[in-house]
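Peer 1: Given next are the chains, with one letter for each unit.
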Amino acid sequence: MSEPRRPLRPLAPVLRARERGENPDLIERENRARRSDALRDRLRRQAEGRLLVLSVFFIAAFAAVGVRMGTLATSVPVEPTRLGGGSQITSARADIVDRNGRLMATNLVTQALYAHPQEMVDIPGAVAQLAAIFPDIDAAALEARLEDKNRKFVWIRKTLSPEEIQAVYDIGDPGLLFASRDMRIYPNGHLAAHVLGGASFGTEGVNAAEVIGVAGIEKAFDDRLRDPAELDKPLQLSIDVTVQSAVTEVLEGGMHLMHAKGASAVIMDVHSGEIISMVSLPDFDPNDRPQPLTTGDQSDSPLFNRAVQGVYELGSVFKILTVSAALDEGVVNVNTVVNTQSPMRWGRFKISDFHNYGPSLSVRNVIVKSSNVGTAHIAQMLGGPRQKAFLESLGLFEPTPVELFEAPSGRPLLPGKWGEIQSMTISYGHGMSTSPVHLASAYSSLVNGGTLVKPTLLKQSGWTLGPQVIKPETSATVRSLLRDVVVKGTATFGNVPGYDVGGKTGSADKPRPNGGYYRDKVLATFAGTFPAHDPKYVFVVSLDEGYEIVNGQAFRTAGWTAVPVTAEIIRRIAPLLGLPPEIEPASADGVREARRG
Amino acid sequence: MRVFFGLLLGATVLALAFWAYQENYRTREVLAETRAMQSEIGHLREQLGVLKAEWAYLNRPDRLRELADLNFARLGLLPMTPNQFGKVSEIAYPPPPVADVETVEIDAMPALPNATTEDGLPPPKPAAPTILAAPAGGLPEDPIATLPIEEGADNE
Numbered sequence: 001m002s003e004p005r006r007p008l009r010p011l012a013p014v015l016r017a018r019e020r021g022e023n024p025d026l027i028e029r030e031n032r033a034r035r036s037d038a039l040r041d042r043l044r045r046q047a048e049g050r051l052l053v054l055s056v057f058f059i060a061a062f063a064a065v066g067v068r069m070g071t072l073a074t075s076v077p078v079e080p081t082r083l084g085g086g087s088q089i090t091s092a093r094a095d096i097v098d099r100n101g102r103l104m105a106t107n108l109v110t111q112a113l114y115a116h117p118q119e120m121v122d123i124p125g126a127v128a129q130l131a132a133i134f135p136d137i138d139a140a141a142l143e144a145r146l147e148d149k150n151r152k153f154v155w156i157r158k159t160l161s162p163e164e165i166q167a168v169y170d171i172g173d174p175g176l177l178f179a180s181r182d183m184r185i186y187p188n189g190h191l192a193a194h195v196l197g198g199a200s201f202g203t204e205g206v207n208a209a210e211v212i213g214v215a216g217i218e219k220a221f222d223d224r225l226r227d228p229a230e231l232d233k234p235l236q237l238s239i240d241v242t243v244q245s246a247v248t249e250v251l252e253g254g255m256h257l258m259h260a261k262g263a264s265a266v267i268m269d270v271h272s273g274e275i276i277s278m279v280s281l282p283d284f285d286p287n288d289r290p291q292p293l294t295t296g297d298q299s300d301s302p303l304f305n306r307a308v309q310g311v312y313e314l315g316s317v318f319k320i321l322t323v324s325a326a327l328d329e330g331v332v333n334v335n336t337v338v339n340t341q342s343p344m345r346w347g348r349f350k351i352s353d354f355h356n357y358g359p360s361l362s363v364r365n366v367i368v369k370s371s372n373v374g375t376a377h378i379a380q381m382l383g384g385p386r387q388k389a390f391l392e393s394l395g396l397f398e399p400t401p402v403e404l405f406e407a408p409s410g411r412p413l414l415p416g417k418w419g420e421i422q423s424m425t426i427s428y429g430h431g432m433s434t435s436p437v438h439l440a441s442a443y444s445s446l447v448n449g450g451t452l453v454k455p456t457l458l459k460q461s462g463w464t465l466g467p468q469v470i471k472p473e474t475s476a477t478v479r480s481l482l483r484d485v486v487v488k489g490t491a492t493f494g495n496v497p498g499y500d501v502g503g504k505t506g507s508a509d510k511p512r513p514n515g516g517y518y519r520d521k522v523l524a525t526f527a528g529t530f531p532a533h534d535p536k537y538v539f540v541v542s543l544d545e546g547y548e549i550v551n552g553q554a555f556r557t558a559g560w561t562a563v564p565v566t567a568e569i570i571r572r573i574a575p576l577l578g579l580p581p582e583i584e585p586a587s588a589d590g591v592r593e594a595r596r597g
Numbered sequence: 001m002r003v004f005f006g007l008l009l010g011a012t013v014l015a016l017a018f019w020a021y022q023e024n025y026r027t028r029e030v031l032a033e034t035r036a037m038q039s040e041i042g043h044l045r046e047q048l049g050v051l052k053a054e055w056a057y058l059n060r061p062d063r064l065r066e067l068a069d070l071n072f073a074r075l076g077l078l079p080m081t082p083n084q085f086g087k088v089s090e091i092a093y094p095p096p097p098v099a100d101v102e103t104v105e106i107d108a109m110p111a112l113p114n115a116t117t118e119d120g121l122p123p124p125k126p127a128a129p130t131i132l133a134a135p136a137g138g139l140p141e142d143p144i145a146t147l148p149i150e151e152g153a154d155n156e
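These protein sequence lines map, in sequence, to chains V and Z.
Oh and the first sequence: position 147 is 147 in my numbering, straight run, nothing missing.
Oh and the second sequence: position 79 is 79 in my numbering, straight run, nothing missing.
Looking at chain V on its own, in the form it has when it is part of the complex (with noise of 0.2 Å):
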């Protein structure tokens, strides 16, 4: 193309052709036929190339067609579903059950309410009426807000009830919309509330809002409740709803009898370490879970679990740990006489009894009568690495393993010297504070065989044989020690005819926050088991600062106050657990008779 275009007739071939006297016609035909020859290539190649360009396309096409028809041919057939308006929020939790499948939390559907203030029509007219509605919601400051021109949206409720709802309707202001929740139900009430904690909502949105766990096993099991492969299965706990609800009624009543301000109580299976019941009272609604305190001890507030987070001084229920460890390691035997002289002095120290019990005491009768000074002079034949090392074997340094989010902060309090001192004070429970899971699962691990077992709050499939920490023998005699407590000891209103109730009391003077001790506010516990000759379950069972008033003088020794509440607990719980009232064997008297000689 880029050639010069040539003239159809140029001159000095005409001029030649003329001189010639040829026809210079055939010139300017022979030109012409030349350059049409032209043109019709170029259309040519430009007619290739669109055919090229057109199939390249329908192959294309056809090819997409293809491949897009094999992948469908070959690919699995899936169910379509909707996709839920792009939304990534997912409400969804799984329920909680108790150990017979008896619910114990779930999820209803409700509906939050919000509003579009600039949709609204008359502002302070729907606000009045929403304040009829709710009769908790400051109207004047969510007028303000609804007014707020900047505000293109407004959250007013969270949940709302079917009447709340139908009530919002018929306000009729096309600017209140609804959107949909799922939203956490505790059916039991106040019932296990610091076993189950609570829920709240986590990122919102208006087609759903996520629901967290904020305490407790909800809080601790979030991700496995809210996993999308395990929403069907519901999370089993080793409650029993029946139990824990008979535990709860008697241990209110005994708290108020008592004149108590808390209480606590544990039941443990011996065998498996499995919860059965847990409760803390004063206890609270996981349906409407209060704020925490901002001001004062923690410890007061409804929502702190006496029995994991609370770490006290126990007293005298420490005695059979220390006694179990001498007995094990044969530093004495149930017989072995030991010197209860009181007051004790060691150094600047001054150890003394609750009574004088005389100058000695043999193990057996120090376990009875609940001699501190016994105990201390048990300790000191022991030593203190010994016992340290019993005590670290049972769990009582660490933090209880329990599936509670509030677990970790239960963390005993250790004194920073072991030395002959705290061994001593440790020996009969002070120095030391341990939780009422601690002391329930060592317990457990004491009187089971000897066995160590770890306290769940799960379902277990079966009894979990952990590593020996005292021989069966010495957990044999164990029992028999703690029966004789309730026979003829501290404990005599702790009897409860066919259950054979074996157990300590231990009433720790409460300390100062700012060192020393209360001189009239005790802490009462009562721990043991029962059966004793067959242990099926471990109790233990704190007041917090109770009395009782008999002639006119108050008692605050455990033997006055946890233990009457336990017994009424073990008599009402044992039938609901199944365990028949039984005549102890009169064999296991003759082996303990026997041994005692």
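Simulated from the structure, these hints should not be mistaken for laboratory data.
Just so you know, even glycine gets a beta-carbon here, dropped at the ideal spot from N, CA and C.
Nothing false has been slipped in among the hints.
Here are a few chain V residues that sit away from chain Z, every Cβ distance over 10 Å (derived from the structure): (1) R345; (2) M381; (3) E398.
Below, computed lysine to any residue pairings styled on SDA-like, alpha-carbon distance capped at 20 Å: (4) Z:K52 <-> V:G189; (5) V:K158 <-> V:V206; (6) Z:K52 <-> V:R99; (7) Z:K52 <-> V:L231; (8) Z:K52 <-> V:N287; (9) Z:K87 <-> V:L577; (10) V:K510 <-> V:G296; (11) Z:K52 <-> V:A92; (12) Z:K87 <-> V:L576; (13) Z:K87 <-> V:P581; (14) V:K369 <-> V:F493; (15) V:K454 <-> V:L465; (16) V:K233 <-> Z:L48; (17) Z:K52 <-> V:E230; (18) V:K233 <-> Z:W55; (19) Z:K87 <-> V:G578; (20) V:K417 <-> V:P511; (21) Z:K52 <-> V:N100; (22) V:K158 <-> V:V214.
Put chain Z on the given structure of chain V with help from the hints.
Peer 2: Just chain Z now, kept in the frame of chain V:
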């Protein structure tokens, strides 16, 4: 021949197009049905959840305890106590079925005297028929009808 093949091809294409069209619409219909069913399943699940929650709420121990207290006069329900446990051996041996006098001969029941309860005692005698004497006016057709109805069993 070419015309024939052309017509045949055209007819085939038409038939296939018609079939594809129908399949398309049936698929859409089934999809819509699936969606409706899924949303129905969702609603039913929701209702089931509400019913389960309500069942648990109505059966909460606090409420049952209150109801038992309210209806104590009628039901007399108390917390379970240890003395409510029984043993199988404490249950009386069931009385042997009352033989039909008219059809069973006396010789046909020799096994009964050998039977003993767990305590080694002979089995309790079957309860005597309650109608000892025919009321005046002759035995009525249906003896049960004349049994005295306990009065005042219901007057709480």
